[in-house]
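Trainee: Letter by letter, the chains look like this.
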Amino acid sequence: DQQVKQNSPSLSVQEGRISILNCDYTNSMFDYFLWYKKYPAEGPTFLISISSIKDKNEDGRFTVFLNKSAKHLSLHIVPSQPGDSAVYFCAASEDNQGGKLIFGQGTELSVKP
Amino acid sequence: DAGVTQSPTHLIKTRGQHVTLRCSPISGHKSVSWYQQVLGQGPQFIFQYYEKEERGRGNFPDRFSARQFPNYSSELNVNALLLGDSALYLCASSSDRQGWHTGELFFGEGSRLTVL
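So the protein sequences, as listed, match chains E and C. Position 54 (the first sequence) corresponds to 54 in the numbering used here; numbering is contiguous. Position 53 (the second sequence) corresponds to 53 in the numbering used here; numbering is contiguous.
It is worth saying that the hints were derived from the structure and are not from the lab.
Partial selection, computed: residues in chain C whose CB lies under 8 Å from chain E:
{"no.": "1", "residue": "SER31"}
{"no.": "2", "residue": "SER33"}
{"no.": "3", "residue": "PRO43"}
{"no.": "4", "residue": "PHE45"}
{"no.": "5", "residue": "SER94"}
{"no.": "6", "residue": "THR102"}
{"no.": "7", "residue": "GLY103"}
{"no.": "8", "residue": "LEU105"}
{"no.": "9", "residue": "PHE107"}
{"no.": "10", "residue": "GLY108"}
C-beta atoms are modelled at their ideal positions from N, C-alpha and C, and glycine is treated no differently.
Bound-form chain C, shown alone:
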């Protein structure tokens, strides 16, 4: 079975640009979460979506937005990119019964964003 897939794996943008990152969850998983991992730090929660609705939002500015589609895939959008947005962006999916309750998430390999 395919795991969580993310695209693109690497990308380079310049300050002020916009970026869209994509995530396909494991088949059957309806919940998708997004995390930002800056070098040397642990992942930091950005958003959680379940059944196409936002169920949680971390402490990130409004430049960050996301959505979930009917097939449960998800997009993370970041506008007006800053140098500090350079990070690994991780997508994670979970099933209703396990991950939603306990936090056992399945992570993708991430999208490495570099802002110049």
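Just chain E, same shape as in the assembly:
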């Protein structure tokens, strides 16, 4: 039972363009949605999050959009930079269960100069 799904295993984008990473979920009890970024040989690093009561959260070049009716969220990176090349994981948690994250399978982003 995959509660959080990232259907694109990989994405390739040109430097300076927009990267859009997508994530779908099935559990309507999720209260928080997060994106983590992972470089090889490192642990995941928190990137940005959004509460279920919001539909958008922005932090610099990163914006996360949440569509609760469609149970879909996306991460937009504008402009994309070569240093953004990494595996991006979508994750979700229920309220006050923040230590128990449900992760998607990950999308490997490659930003080409």
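Use these hints to put chain C onto chain E, whose structure you have.
Mentor: Leaving out everything else, chain C in the frame of chain E:
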């Protein structure tokens, strides 16, 4: 400030053996969570400990156990190792106010376990 530290970074075991993985959280963080990441998949939740008590357990067999010590460090133990236990084991810590509520966790670099 030191981040989350895990040891050992790599280890090789044979089927049926036992393994202990260790984690030191960020100073001041009282919550520790353990995740298993199999190649090509996202991390999967195993345990969460807070103030030395188990606060959550994922869908893993009883061969997996953990504990948290008074200094908030933690151990993950796996008995009777199977080939399928080969994975990256990640430890994450969080503060009470932020991570417990929202899931903003700080991960270590992981312990890579290979079972032969």
